[in-house]
Amino acid sequence: AQSVTQLDSHVSVSEGTPVLLRCNYSSSYSPSLFWYVQHPNKGLQLLLKYTSAATLVKGINGFEAEFKKSETSFHLTKPSAHMSDAAEYFCASNTGGFKTIFGAGTRLFVKA
Amino acid sequence: GAGVSQTPSNKVTEKGKYVELRCDPISGHTALYWYRQSLGQGPEFLIYFQGTGAADDSGLPNDRFFAVRPEGSVSTLKIQRTERGDSAMYLCASSYDPVAVGGITGELFFGEGSRLTVL
Numbered sequence: 001a002q003s004v005t006q007l008d009s010h011v012s013v014s015e016g017t018p019v020l021l022r023c024n025y026s027s028s029y030s031p032s033l034f035w036y037v038q039h040p041n042k043g044l045q046l047l048l049k050y051t052s053a054a055t056l057v058k059g060i061n062g063f064e065a066e067f068k069k070s071e072t073s074f075h076l077t078k079p080s081a082h083m084s085d086a087a088e089y090f091c092a093s094n095t096g097g098f099k100t101i102f103g104a105g106t107r108l109f110v111k112a
Numbered sequence: 113g114a115g116v117s118q119t120p121s122n123k124v125t126e127k128g129k130y131v132e133l134r135c136d137p138i139s140g141h142t143a144l145y146w147y148r149q150s151l152g153q154g155p156e157f158l159i160y161f162q163g164t165g166a167a168d169d170s171g172l173p174n175d176r177f178f179a180v181r182p183e184g185s186v187s188t189l190k191i192q193r194t195e196r197g198d199s200a201m202y203l204c205a206s207s208y209d210p211v212a213v214g215g216i217t218g219e220l221f222f223g224e225g226s227r228l229t230v231l
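So the sequence lines, in the order shown, correspond to chains E and P. Residues 1 to 112 in the working numbering are what the first sequence spells out, letter by letter. Residues 113 to 231 in the working numbering are what the second sequence spells out, letter by letter.
I should point out that these hints are in silico values taken from the structure, not numbers from a laboratory. Note that the coordinates shown come from a computational prediction; the quantities given were computed from them, not determined experimentally. Idealized CB from N, CA, C, for every residue including glycine. Be aware that a few hints might be false.
Said to hold, decoys possible - Computed footprint of chain E on chain P, listed as stretches where at least three residues anywhere in the stretch have a Cβ under 8 angstroms from a Cβ of chain E:
no., region
1, 153-165
2, 223-230
Unchecked claim - Derived DSS-like pairs (lysine-lysine); straight-line CA-CA distance at most 27 angstroms:
no., chain 1, residue 1, chain 2, residue 2
3, P, K123, E, K42
4, P, K190, E, K58
5, P, K190, E, K99
Using the sequences and the hints given, assemble the complete structure.
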């Protein structure tokens, strides 16, 4: 069975400093992996996805993630946080069917 | 519209009442999903439609929950005899290509959700 674990429920950074949001997956098969962002009172929006091509994936708004099979990880990073990055971030996994499984989410706080 | 539309955005009801939540997917998307998101949690899969048929309803918590998509476009999630534990955000998503081809799957396009509060 597939599962997704987001290691931090909350992350707080200062504006202009790097962001790291951690995600580990568990799957019997090579999954497709996704990061979604959810701003207050908004739907989830795709940031980036990994689908067995390049292991370093670049997404929107300067975010990127690296797929590491040996560590079963897909951590999300950004070199410099902006106030507008404050939101809830969800890591998700799909092992090739129709069911996408989501982690519990990480709330990112950005301090001025 | 350009995106997934969900109505109502907010619904407050009393325990025991019947509720319908509507989802209008992106035009041309054959796949439609319902998820439930409780406070502080990630979206939890409820049901998936491919066209008019429910291809997988294994996530529906019990027989009080039912969903339809009669014409392969708009879907309605129906909850009978609501309970306080049903209070959550109900999210709808649609996509082009739900079935994996060589491990490649498409992204989900989400609506803004319907927040249900059962008093």
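Exercise. Going straight from one Cα to the other, do P:K190 and E:K58 come out at no more than 27 angstroms?
Worked result: 39 angstroms, violated
Problem set entry | Coverage claim, chain E over the region 223-230 of chain P, checked by counting residues with Cβ within 8 angstroms (three needed) | With 3 residues close enough to chain E, the hint holds.
Problem set entry | Verdict on chain E covering the region 153-165 of chain P, where coverage means 3 or more residues with a C-beta closer than 8 angstroms | holds (count 7)
For this session: Decide if the proposed pair is consistent with the structure: P:K123 and E:K42, CA atoms, cutoff 27 angstroms inclusive.
Result: The hint holds at about 16 angstroms.
For this session: Below or equal to 27 angstroms on CA atoms is what counts here, so check P:K190 against E:K99.
Result: 21 angstroms, holds
Checked against the numbered hints above, the structure breaks only hint 4 and satisfies the rest.
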